Amino acid sequence: MKDLGFILASWLATLGSIGVLAAVTIRRARELSRHVPDDAKPWV
Amino acid sequence: MNVALSVARKDLQIEWRTRMVLARVVPFALLVMVLFAVALDSEPLVLRAAAGLVWLATLFSTMLVVQRAFDIETADAAIDTLLACAVHPARVFFGKALALFVQLFALVVVLVTAAMVLYGVTVSGSRVVLLVTVVISATSGLALVGTLYGAVVANMNGRDSLLPLLALPVLAPLLIGASRATEAAFGSQTIDMANGWAWVGLLGVYGIVFGAAGSAAFSPLTESDS
Amino acid sequence: MHTATTAAPGAAARTGTRTTRVIGVLALATTAFVVVSAFFLTPADSVQGDSVRIMYVHVPTAWVAYLAFITTAVASGFSLARRHRTLGFDRVAGASGEVGVLFMAMTLLTGSLWGRLTWGTFWQWDPRLTTTLFLFVTYVGYLAVRRIDTDPRQRARRSAVIALLAVLEIPLVHFSVVLWRSLHQEASVLSPDGDVRLDDLMLFTLFAGVAAFTLIFAWLVIHRQRLTALADIRQTVGLDAAIALRRSETRGVVK
Numbered sequence: 010m011k012d013l014g015f016i017l018a019s020w021l022a023t024l025g026s027i028g029v030l031a032a033v034t035i036r037r038a039r040e041l042s043r044h045v046p047d048d049a050k051p052w053v
Numbered sequence: 127m128n129v130a131l132s133v134a135r136k137d138l139q140i141e142w143r144t145r146m147v148l149a150r151v152v153p154f155a156l157l158v159m160v161l162f163a164v165a166l167d168s169e170p171l172v173l174r175a176a177a178g179l180v181w182l183a184t185l186f187s188t189m190l191v192v193q194r195a196f197d198i199e200t201a202d203a204a205i206d207t208l209l210a211c212a213v214h215p216a217r218v219f220f221g222k223a224l225a226l227f228v229q230l231f232a233l234v235v236v237l238v239t240a241a242m243v244l245y246g247v248t249v250s251g252s253r254v255v256l257l258v259t260v261v262i263s264a265t266s267g268l269a270l271v272g273t274l275y276g277a278v279v280a281n282m283n284g285r286d287s288l289l290p291l292l293a294l295p296v297l298a299p300l301l302i303g304a305s306r307a308t309e310a311a312f313g314s315q316t317i318d319m320a321n322g323w324a325w326v327g328l329l330g331v332y333g334i335v336f337g338a339a340g341s342a343a344f345s346p347l348t349e350s351d352s
Numbered sequence: 180m181h182t183a184t185t186a187a188p189g190a191a192a193r194t195g196t197r198t199t200r201v202i203g204v205l206a207l208a209t210t211a212f213v214v215v216s217a218f219f220l221t222p223a224d225s226v227q228g229d230s231v232r233i234m235y236v237h238v239p240t241a242w243v244a245y246l247a248f249i250t251t252a253v254a255s256g257f258s259l260a261r262r263h264r265t266l267g268f269d270r271v272a273g274a275s276g277e278v279g280v281l282f283m284a285m286t287l288l289t290g291s292l293w294g295r296l297t298w299g300t301f302w303q304w305d306p307r308l309t310t311t312l313f314l315f316v317t318y319v320g321y322l323a324v325r326r327i328d329t330d331p332r333q334r335a336r337r338s339a340v341i342a343l344l345a346v347l348e349i350p351l352v353h354f355s356v357v358l359w360r361s362l363h364q365e366a367s368v369l370s371p372d373g374d375v376r377l378d379d380l381m382l383f384t385l386f387a388g389v390a391a392f393t394l395i396f397a398w399l400v401i402h403r404q405r406l407t408a409l410a411d412i413r414q415t416v417g418l419d420a421a422i423a424l425r426r427s428e429t430r431g432v433v434k
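Protein chains in written order, with our numbering: chain A, 10 to 53; chain B, 127 to 352; chain C, 180 to 434.
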């Protein structure tokens with residue numbers, strides 16, 4: 010495939026950064042949830 | 127409107143007593159103009175860039191003047207006192223914008239003169255009318271947006287670096303419009319007078335939009351919860 | 180990884196619910212299809228060749244970025260208008276703004292890579308690109324204001340004003356750049372979307388990409404908005420606990 014480097018860079022940067030943001034979000038949620046009782050979470 | 131005028135008068139009196147703009151901002155702006163010339167290091171290039179450089183120097187200076195205009199309000203919670211007297215926030219907004227306009231107008235006059243002396247710019251005939259109109263309309267827009275964003279960051283930590291970050295992108299259309307129109311007034315070959323006047327139209331729309339936005343937004347911006 | 184819909188005994192509920200789990204699974208499945216289709220199923224474009232495969236990631240990120248900023252503006256408007264729920268709307272506005280900045284950064288990055296392949300330059304001072312760039316900087320500033328440690332209600336009001344002003348900024352920047360560029364010699368730019376002739380599968384993949392990224396956006400915003408809610412609750416919970424402890428201590432002294 011021609012220009013594969015550019016194409017892969019576009020996809021990897023985008024999906025990679027989304028993945029990192031999602032992972033950070035989940036990790037922080039796990040950490041913060043420990044300090045908040047379930048009945049204080051409106052969505053539970 | 128009387129309230130707006132007295133707010134403007136108060137701000138200008140404070141400036142007259144402290145001479146902050148006169149003693150620090152004007153020399154700073156002139157220094158920027160000199161540094162541009164040194165950095166570009168070519169007389170024809172400086173002459174071509176003159177209009178943009180005048181407005182860029184004005185934009186940077188505006189950040190300093192706006193900072194000052196709100197520091198005097200938040201220092202003793204003066205603005206809260208003002209608003210507690212049931213003064214409509216929109217009037218305070220227009221008053222502060224008017225004071226800012228007067229100071230910036232004086233600054234731009236100095237900078238245009240500097241461009242004539244330092245960069246060899248010449249303005250003659252009907253171009254003077256265009257130049258004066260551009261300076262008035264662009265400076266009004268600058269004063270309105272400056273006052274609006276000054277209120278956004280007033281009293282916040284790190285406001286000195288936040289203000290340019292927030293206000294400069296919004297001021298981009300004004301910079302483009304004022305620079306192009308001033309270029310026409312300076313007699314540039316790349317842009318004619320008719321195009322110059324078209325840009326004045328854009329500056330007018332810009333001023334009206336942000337004047338309306340500012341008078342509406344000033345109330346939630348200056349509200350305090352305590 | 181074990182996640183329970185309702186809190187199983189012993190495991191605290193986090194920011195996920197059944198809805199977000201469904202959104203998450205759908206997002207992953209759609210994204211997987213888009214990747215496979217973009218790289219293996221769709222043909223290369225007759226004019227652009229393989230570089231058209233960047234389109235399937237570039238266009239959806241741009242779409243989501245603008246969707247995010249519209250969401251932020253709408254939530255900001257509500258946050259200013261509905262005073263008793265200011266902070267709830269403010270959390271949505273903030274979460275959406277964060278995700279929007281990430282997607283817009285990716286729009287600019289993938290766009291400039293694609294531009295290098297099709298136009299031969301990383302950047303063109305074209306109205307759409309310039310507006311996007313200024314909007315990006317504006318929202319970076321918006322996030323900077325949100326990070327400032329001050330009274331949350333005041334911060335909510337001020338960041339709401341910034342988000343609403345950004346909406347005014349879009350047409351003004353766009354129009355001024357149109358006017359500005361029209362004075363110069365028209366750059367001979369192939370409009371990237373205009374010149375691509377899309378067959379049915381290409382079009383479907385593009386729409387699937389938009390759907391996938393919209394789902395990802397929804398998932399991220401819901402979770403991140405709950406995350407800030409958790410942080411706020413934790414602060415009040417901590418405060419309540421401290422007050423209770425203090426009370427019991429003074430009672431002990433009195434007795």
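Hint data in this document are derived by calculation from the structure and do not stem from the laboratory.
Since the model is a prediction, treat every value here as computed from it, not as a measurement.
A hint or two may mislead.
As the list claims (entries may be wrong) - Short derived list, chain C residues pointing at chain B, Cβ under 7 Å:
1. Val201
2. Val253
3. Gly256
4. Phe257
5. His263
6. Leu266
7. Arg325
8. Arg337
9. Val346
10. Glu348
11. Val352
12. Ser355
13. Val357
14. Trp359
As the list claims (entries may be wrong) - Keeping only pairs whose Cα atoms sit at most 20 Å apart, straight-line, the calculated SDA-like set for lysine to any residue is:
15. Lys50/A x Asp229/C
16. Lys11/A x Arg376/C
17. Lys11/A x Gly267/C
18. Lys50/A x Gly267/C
19. Lys11/A x Val214/C
20. Lys11/A x Arg264/C
21. Lys11/A x Asp229/C
For every residue, glycine included, the Cβ atom is placed at its ideal position computed from N, Cα and C.
Hints and how they fare:
no., hint, result
1, Val201, "37 Å, violated"
2, Val253, "16 Å, violated"
3, Gly256, "11 Å, violated"
4, Phe257, "13 Å, violated"
5, His263, "13 Å, violated"
6, Leu266, "12 Å, violated"
7, Arg325, "11 Å, violated"
8, Arg337, "5 Å, holds"
9, Val346, "10 Å, violated"
10, Glu348, "5 Å, holds"
11, Val352, "5 Å, holds"
12, Ser355, "4 Å, holds"
13, Val357, "10 Å, violated"
14, Trp359, "5 Å, holds"
15, Lys50/A x Asp229/C, "48 Å, violated"
16, Lys11/A x Arg376/C, "19 Å, holds"
17, Lys11/A x Gly267/C, "48 Å, violated"
18, Lys50/A x Gly267/C, "13 Å, holds"
19, Lys11/A x Val214/C, "17 Å, holds"
20, Lys11/A x Arg264/C, "53 Å, violated"
21, Lys11/A x Asp229/C, "6 Å, holds"
The structure shown violates the earlier hints numbered 1, 2, 3, 4, 5, 6, 7, 9, 13, 15, 17, 20.
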